[in-house]
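Participant: The task is simple: from the sequences and hints, build the whole structure.
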Amino acid sequence: EDKVVQSPLSLVVHEGDTVTLNCSYEVTNFRSLLWYKQEKKAPTFLFMLTSSGIEKKSGRLSSILDKKELFSILNITATQTGDSAIYLCASHNRDDKIIFGKGTRLHILP
Amino acid sequence: EPEVTQTPSHQVTQMGQEVILRCVPISNHLYFYWYRQILGQKVEFLVSFYNNEISEKSEIFDDQFSVERPDGSNFTLKIRSTKLEDSAMYFCASSNTDHNQPQHFGDGTRLSIL
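Quick mapping for you: the protein sequence lines, in order, are chains A and B.
Numbering-wise, the working numbering puts 100 at position 40 of the first sequence, and it's gapless, one number per residue.
Numbering-wise, the working numbering puts 1064 at position 36 of the second sequence, and it's gapless, one number per residue.
Think of the hints as simulated: they come from the structure by calculation, not from any bench.
For every residue, glycine included, the Cβ atom is placed at its ideal position computed from N, Cα and C.
Check before you lean on any hint, since a few could be wrong.
To be verified - Stretches of chain A that chain B covers, calculated by requiring three or more beta carbons in the stretch to come under 8 Å of a beta carbon on chain B:
#1 103–111
#2 155–161
Unchecked claim - Partial selection, computed: residues in chain B whose CB lies under 7 Å from chain A:
#3 E1084
#4 D1135
#5 G1136
Claimed, not checked - Some chain A residues flagged as far from chain B (calculated, every beta-carbon gap over 12 Å):
#6 D77
#7 N82
#8 I114
#9 K117
#10 L121
#11 S122
#12 F131
#13 N135
#14 T137
#15 A138
#16 G142
Facilitator: Structure follows, in structure tokens:
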């Protein structure tokens, strides 16, 4: 059965800390891995990763995929209270099926 | 920036009634999706739709669910006979070309079944 597993489920850090969120996957016909940030309602897109070893960056956020070990990480440096959210990882396979992980609930303390 | 819009934002319906959730994807997008998120649980894939037909669906998407693109702009999800366990937030998403483009999500419709 295809699955996406995120860890930790919950994380509390102080502002300014760096965090690493993990996502492992077991998916048939894998195509890409996506990271989303979910605050109050809809997930907002962060990254799409299709190739191993190529880091994608957006400001203080970065992510990388390892297709051999079947995992991805999302790094956030110099965290701010506005980074508090649920971070979702999802796999997208070639049959156009998307599976989300349960998310990591990140809380940044001022 | 163009966005996916969903209506209504909140729908309350009696169990057994039919509901139609509406979505207007971004205008030049070709791939459309529905997801649901039961309160406190993870986002679950329901169905993907391309070229006027379902391309993939999950085990959740049983015979009580259907999707339609009736007029070239709306993308609807119909639940024929709602059950209490259908209460959830339903998200619509769309993407531009093929699977190399990310999906853009609407703000969701909160469906409450009484």
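Participant: Does each hint hold? Answer for all of them.
Facilitator: A quick look at each hint next to the structure:
Counting residues of the stretch 103–111 of chain A whose beta carbon lies closer than 8 Å to any beta carbon of chain B gives 5, which meets the minimum of three for the stated coverage. Counting residues of the stretch 155–161 of chain A whose beta carbon lies closer than 8 Å to any beta carbon of chain B gives 7, which meets the minimum of three for the stated coverage. Taking 7 Å as the C-beta contact cut-off toward chain A, the hint placing E1084(B) at the interface holds, the least distance being around 5 Å. The restraint placing D1135(B) at the interface with chain A holds, with a minimum CB-CB distance near 5 Å, inside the 7 Å limit.
Below 7 Å, beta-carbon pairs count as interface contacts, and G1136(B) has one with chain A at about 5 Å; its hint therefore holds. The Cβ of D77(A) lies farther than 12 Å from every Cβ of chain B, with a closest approach of about 26 Å, so its non-interface assignment holds. Distance to chain B confirms N82(A) as a non-interface residue, since its nearest Cβ pair spans about 16 Å, more than 12 Å. For I114(A), the non-interface assignment is confirmed: its Cβ lies about 14 Å from the closest Cβ of chain B, beyond the 12 Å cut-off.
Listed as a non-interface residue, K117(A) keeps its Cβ farther than 12 Å from every Cβ of chain B; the least gap is roughly 16 Å. Distance check for L121(A) against chain B: the nearest CB is about 15 Å away, which clears 12 Å, and the non-interface claim stands. At roughly 17 Å from the closest C-beta of chain B, the C-beta of S122(A) stays outside 12 Å, upholding its exclusion from the interface. For F131(A), the shortest C-beta to C-beta distance to chain B comes to about 18 Å, beyond the 12 Å cut-off, and the non-interface label holds.
In this structure N135(A) is separated from chain B by more than 12 Å, as the shortest Cβ-Cβ distance comes to about 19 Å. With a closest Cβ-Cβ approach of about 23 Å to chain B, T137(A) is found to remain outside the 12 Å limit, as its non-interface label requires. Under the 12 Å C-beta cut-off, the non-interface status given to A138(A) relative to chain B holds; the minimum distance is some 25 Å. Every CB of chain B lies more than 12 Å from the CB of G142(A), the least distance being 19 Å, so the non-interface label holds.
Violated hints for the displayed structure: none, as all numbered hints are satisfied.
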